[in-house]
Amino acid sequence: MKKRSAKSRRAIDPPPKPTQQANAQLPRWLTAIVAFVAVALLIYCVAVLALTPSHDASDHTLATEQQQNPKLDVAQTLFQAEQALREGHVSAAEEHISQILESDPANLAAINRLAYILGVEGRCWEANRYLFEAVRRGQFTLHHLVLLGALEPVIDDAGLVQRCRTGDPDDLVVLVGAARTAMKKNQMSSADSMLQEAVAANPSSLEGQAWLGRRSLAATDPPVDFATWQEKLPANADSHPEIWITRGQWARENAQPQAAIRCFLEAARLDPNHRIAHLEAGQLFGQLNKPEQATAFLDRAEQLRELGFLVDEIFKQPENQQRMLKAADLTEALGRPWEAWAWCELVRAREPNYPGVAQSCARLRSVLTADSPQTLAGSSPVADLAIAEYPLPNYQTAPVLATSAGGPMAETRFAEMAQALGIDFTYKRDADPETGEMRMLETTGGGVAIVDYDADGWPDVYFTQSAVWPSEPGATQPIDRLFRNLGGKRFVEVAVAAGVGDDRYSQGVTAGDYNNDGFADLYVANFGRNRLYRNNGDGTFTDVSDETGIGGEHWTTSCLLADVNGDGFPDLYDVNYLSGDDAARSICRQGDELRWCSPSGFAGDQDQLFLNDGKGRFENVTSQVGIELPEGKGLGIVAADFDDSGRLSLFVANDAVANFFFVNAAETPGVPPQFLERAILHGLAFDGDGLPQACMGVAIDDANNDGRLDLFVTNFHEQANTLYRQQAGAQFVDATRRAGLFDASYQLLGFGTQFLDGDLDGSADLVVANGHVLDLSAQGIPFAMRPQYFQNDGTGRFRELKSKSLGDYFAQNHLGRGLALLDWNRDGKEDFVVSNIGSVASFNANTTTNTGHYISVNLHGVNCSRDAIGAKVTLQYAGITKTRQLTAGSGYQASNQRQLIFGIGDHPSIETLTVRWPSGNEQVFHSVRTDSEVNIVESSDSLFVTRPD
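Residue numbers for the sequence shown follow the working numbering, so the first one is 701 and each next one is one higher.
You may find that some hints are simply not true.
Using C-beta positions, here's what the derived DEER-type ranges look like [unchecked claim]:
#1 P1173 to A858: 54 to 62 Å
#2 N936 to Q1324: 54 to 62 Å
#3 A858 to E782: 14 to 22 Å
Since the hints were derived computationally from the structure, they do not count as laboratory data.
Computed from a prediction, not measured in an experiment: that's the story for all the values here.
We put the beta carbon where it would ideally sit given N, CA and C, even for glycine.
Construct all of the structure, not just a fragment, from the sequences and the given hints.
Now the structure itself:
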C-alpha cells in the first residue's frame, strides 16, 4: 500500500506488533476471513449499543441541540417500537423509531435501534448515517466506531427474522438481510429464494434488487435473467451504490471496461467508503493503462480493507489503545475526521495521560464544525474525475461466451497403480497417534517432481521426505526417494545409486536443466538449507549447493527453475513461508484443545531469487529486483508469460495475506529483472470479495478456451478455491461461482492441483488433492479428505465427477499435498502422482477409453534456455485455434513433466503447429500427425516424431 503523507499521519508511537503468543491463538482461517462479519460479533456489537453508556463527550459536542416535539411521547413510542419488534412487526417498529428521530434526532436509543433494524434488514448503507449521527453528537461507544469501520455489518438475528415471518408474513423486509447472511454461509439456494421472495413483495427494495442482480451474475443457475433484472429496476435505482456495483460487474464480465468504470465511479460517488467500488475501479484503470488513477483508487481500497481488519482486532482486544490510535490515523487518512476524533477520545477517556493523545484530540477537534460531513469532499479520488465522460453499459450486448473446443469425449477413469508399479513411498510425520499433536512444520509437505534424469524418454519420479524433528546429533534421517521408470512397465527406487536423497526436512522440489547441458537437474526446498543436485549425465547426481552459491537458512516451501531475465540460463526462485525456528517448533494446540496452526502468529519469511551467471554459479539478487516485500508467507508459485511480452511474470500464492504477482518491467534480455508487484492491480491479490485467502496450490492453463492463461488456487476449509479468469490486459476476475467450482470446494481444504485434459476433448479439466492440516474430526471437520476431479464442459464451466466412476483413488480419503503431472507410459493420456502425508503416495494412471485424438509436444530450446519455459505452442485444426504454454512451478511443491499434451477431440488432423520461443523465434509446421509424440528443437526445420501409436 502506498505510504500516507506526513500531513495525513499523526505523530504518535506506532502500534507494537502483537506478541507471537497472542497471534498464535488465532486459527489460520481467521487470518483470511474478516471476523467481524461473523454472526456472534455483529449481534453482540449492535445489541450492546443501547445498553452501553456512551462516551461522555458533552463538552466536545459541536452540533446544536434539537428541541423535542412536546406532542410526541418518546418513551411511549419507543416502547411501542420494542413491542412491535417482539411481535415480529419490523416495519411498524421502524416507523415508530422514525417518528422519534423526526422529533429528537439525538435520541441515542432510537438511533441505535434503527441502526439495528436496518442491519437486520441488510440495509447497511442506510444504517451508516445513524451510526455516524451518534458520533457527530458525541454520544458514541466503541461499538459505533467498530460498525462504521466494518466491511459488511449485516446482523444475523434469526430469532427476529422468524418472529417477523410468523407475526407478519406479508412483511418481508427482513429477508434481504437474512439472504445476505445466508450468502456468507454459502447457503446460496436459500439466499436466492429469499431474495426472489423479498423483491417480488417489495420491488422498491434497492438493497434487495442489488443483491438479486448480483446473484444473477455469480450463480451457475441464476435466480433471474440479468437483462430482465435491469429492465425492471425501480426509477430511483441509480441512487443506491450496490445497484451500480452489480451493473459494473456485469459490464466487466461482458467486455465493457469503460462502462464498468462508469458504474464503479457512480458507486464511489454515492459512497466514498465503498471498498469494492474503489478496488474494481482501480483494477480497471490499470487495465486501461491509467496508472495514476489506478494507484489512487487501489490505495483507498487497501486503506478501507486495513481499517476493517483493524476494527475487528480492536473489538477482540478493546484494551489496546495503540490500535485505537492507529484507527484514528487510518480514518483521518481516509478523510473521516469525526471518526478519527472519536477514536482519539476513546483513548483519552481511558488513559488521559497517554503520550500525545490530548494534543491529537485537540487538533482533530479543531477542524470539526457542526456541518462537517462524515467523509470530507475530495477524500475519494472519484471527486477528481468527470464521471459522465465514461459511457453507461450497453445492456443489449450479447454476453461474451467462450468458444468450446468440444464437449467431453468419454467417461474419465484413473487406476491407482502405485503398488503395482513399485511406487512405495510415504511422507512421514511425527504426530503423536494418541493425541493427534502435530507441529506446524509437519502440516505443509511434501513435494513431487517428474524428471527424466537418465534422458531415456521415460519420466521418472522424485519424492521429498520429512525428517525427525527436532533431530538428535548423529541420528539417521529418512531421505528423499527417486523412482526410475523402466520403459513404461514399472518403477525401481534408485536414490542412493543415483547420488540423491536429501536428508534434510524437505518440502517442495523442482526439476530443470540449470546448466543447459541436456540433462535435468534437481533443486530441493528444505526447512533450513536447500540443496541443488547437478545431473552428471551418467545416471548420477552431484550435490553442488555450496559451489554454486545458493545458501541461507529459510523455510522454503516451493521453488522453481526458470529463466526470469531472458539471458538463456534458468534462475532459482525460493518461495519462503514463515521465519524463525518458533514457527516450525510450535505445537498446533491451545491448552487442551487441538487447533490448526496459524501463520498470523509469525512473521513471513522473505522469498529469494538467485540469478544464474551462466558459469555454474548463482547470485542472490533478492534486494535488487523488486521482490523484497514483507509478510509474504508463500506456499505456491507459477512462472509464465501472461501478457505476451516474452518475459516471465511470477504469481506467488500466500497464506492468509495478499498474493504476489511480480511483473518484469525490464525490457532488455539478460539484465537483472525489475519486478513490480501488481497483484491488487491485476486482480490476483484477493478473492472476488476483495479479501485474502489461505492460498496453497496453483494450477495454470486456459480454462475457457479463449487463448488466455487462467489460474486456479486452492484454499482453506470453508474458503472455496478460486478460479482467476484472465481478461484483456492481463486482468483477472474471480470466476469461481460461474464456473461451478465454489460449492464443491467450500467444505474441503485443498493443496495440490493441476489442469489436465483427462479425456482429450480439448478442454482442461481439474484435479485437486485435499486434506486438513490438523485432526479436528471430533468437531465434525474431516482430517483426511477426498480428492476431486472436475470435468470442463468446453466453455470453462465445471462439474465434479463422482468418485465411483473415476477410480479407487477418488473413493478414498487422503492427506494430499504435492501433485504433479506425467505421461508415465507415453500413451498420450496425462497421469498424476500425489504425495500424501502419513500414507503411501498415490499413482493415478489414466485408463480412460474412447478418448479424443492427441499430440504430445516436447520442446528443446537453443537460443533460449533448454527448458524453454514460457514457450507457446499453437495448433490450428477444423477452424479451431488452441494455444498452450510451457510453464514452471504449477501445482503445490511440485514440478510437472516438461511436456505439452493437446487433446484435440474427434479431429483427426492438425493443419498447423506453431512454436513461439522465449527468444522470439517462431517456427511453423504443417500437416502434423496426430496421436503421436513429437520433439521440436528451436531453429530446426524438422519435427521429430519419437513415439507414434
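- [ ] Return holds or violated for the Cβ distance of P1173 and A858 against the range 54 to 62 Å.
- [x] With a Cβ separation near 59 Å, P1173 and A858 satisfy 54 to 62 Å, so the hint holds.
Task: Whether the CB-CB distance between A858 and E782 falls inside 14 to 22 Å - done: holds (19 Å)
TODO: Using the beta carbons of N936 and Q1324, state whether their distance is inside 54 to 62 Å or not.
DONE: About 56 Å separates the Cβ atoms of N936 and Q1324, which means 54 to 62 Å holds.
Taken one by one, the earlier hints all hold for this structure without exception.
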